[in-house]
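The whole structure should be built from the sequences, with the hints applied where relevant.
So for the sequence shown, our numbering puts the first residue at 1; every next one is plus one.
Hint data in this document are derived by calculation from the structure and do not stem from the laboratory.
Be aware that a few hints might be false.
[As the list claims (entries may be wrong)] Under the rule of at most 25 Å between Cα atoms (straight-line distance), these lysine to any residue pairs were calculated in the SDA-like manner:
#  : residue 1 : residue 2
1  : K11       : Y30
2  : K11       : F37
3  : K11       : M1
4  : K11       : A22
5  : K11       : H46
6  : K11       : F35
7  : K11       : I29
8  : K11       : A33
9  : K11       : T21
10 : K11       : D39
11 : K11       : T32
12 : K11       : L31
13 : K11       : E36
14 : K11       : G34
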Amino acid sequence: MTVDTARFATKAVHAARSRETATPRATPIYLTAGFEFEDFDHAADHFGTGAGFGYTRSGNPTIRAVESQLAALESGADAVLVASGQAAVVTAILTVAGAGDHVVSSAHLYEGSRGLLLDNLARLGIETTFIDDIGDPEAWRSAIRPHTRALFAESIANARNDVLDVAAVSAVADAAAIPLIVDNTLATPALLRPIEHGAAIVVHSASKFLAGHGSVLGGVVVDDGRFDAGRAGHNAPHLVLPGRGGRPSVAARHGGNARIAYARESVAPRFGASPSPLNAFLIGQGAETLGLRVERQSRSALTVAQWLSAHPEVESVDYAGLRSHPDHETAQRYLSGGFGSIFTVTLRGGLPAARAFVENVRVFTHMTHIGDVRSLVLHPGTTSHAQRTPAERAAAGVHPGTVRLSIGIEDVADLLEDLAGVLLTVREAVA
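And the structure:
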């Protein structure tokens, strides 16, 4: 039977099938749950070796193309794209740690990552020690235990703009034969590539700068490809010991790419963190203009931060691009082409001033997101950091009058005009 001779319902399902090939310039979208096998042996080979594509949860050409793109941007060996930034963090940690293991983390984290470590991974038997003075390598070193499996930090911290001394902390991790995992969401590879400074794994919320337009969710795990089974195998028995049924170990099959192969084979697909091919396509499209956007956003952010720091209604501005920031020198050493575009501003009028600020912006958008082409504002004390105690919020640089800004690509003169009007309203509200 052919499609031409088939009945209506059969034609509806099969008439669009085509084996014609073409070479599109843009990454094609393979919006399909599964892929057709050529024959019996092709299917068996795929399930035996993992080669090729069989089911989108374990691999898809669109997703694979974007993984290669993002790995190249981060100077990594390979990458795994997942459904969200939170999925990227948990995939990275579960790739290296399990029940009974320990992680050392910066205390200055996105609240979702902090909650993941404190609540969810703790229930799975993974304990975390938090480091407040992340600029002190000895603080990291003294927190390491025999069962520590990773160090974890953000390159530019949310929300205080602490900047990680990547080389110093990665040296501590390397001496212990464990990976340093860096969340590089705020810096982006346009400004900083942690792997070039010794980090082993980089994660991103691709929903932010990589995609850029606030339209999709996604995350990515990038690995340096330098896993050394002989040196670090005792800290990663799941990578060096034979698999079920005597299957060769992950390290035997993938060498230096053992970590990222384990993430691809065993963590991301089994925990169901697979992204949509359409989202992958949009992330890849956004990444093509990442450098242009980040350059403009960083330049505008510095202008806005400088303007705000001189305003009488402003108590302080925590932006690493300002000389007043304690990590400004570290930022100058690590960030190339700008200082990022996300920072906090603390208003003198406290909570009433913050309320007046977020409720009177016109060009800025009040929403929970960062890294958008649009400029955004949020009050972290009552939103992202609401679950922390007042003392914990203060330690993170979040006070009642603190607002977080994410600078977009609008004309900076319009942003300053909006802020000038807002701060006039703030003055009237707290008078």
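So, going through the hints one by one against the coordinates:
1. Proximity of K11 to Y30 is assessed by CA-CA distance (about 22 Å); at most 25 Å being required, the pair is judged to hold.
2. Proposed proximity of K11 and F37 is supported: the alpha carbons are some 21 Å apart, at most 25 Å.
3. For the suggested pair K11 and M1, the alpha carbons sit about 11 Å apart, so the restraint of at most 25 Å is met.
4. At roughly 24 Å between alpha-carbon atoms, K11 and A22 fall within 25 Å of each other, so this suggested pair holds.
5. Using a Cα cut-off of 25 Å, the hinted pair K11 and H46 is violated, with the two alpha carbons roughly 29 Å apart.
6. Our distance criterion of 25 Å between C-alpha atoms is met by K11 and F35, whose separation comes to about 20 Å.
7. Distance hint between K11 and I29 is fulfilled; the C-alpha atoms sit about 24 Å from each other, no more than 25 Å.
8. As the CA atoms of K11 and A33 are separated by approximately 20 Å, the hinted pair is consistent with the 25 Å bound.
9. Note on K11 and T21: the hinted pairing holds, with a Cα-Cα distance of about 22 Å set against a maximum of 25 Å.
10. The suggested pairing of K11 with D39 holds, with an alpha-carbon distance near 23 Å, which does not exceed 25 Å.
11. For the hint pairing K11 with T32, the CA-to-CA distance comes to about 19 Å; that is within 25 Å, so the pair holds.
12. Proposed proximity of K11 and L31 is supported: the alpha carbons are some 20 Å apart, at most 25 Å.
13. A distance of roughly 18 Å separates the Cα atoms of K11 and E36; the hinted pair therefore holds under the 25 Å criterion.
14. Between K11 and G34 the alpha-carbon distance is near 20 Å, which keeps this suggested pair within the 25 Å criterion.
Hint 5 alone, counting from the list given before, is not met by this structure.
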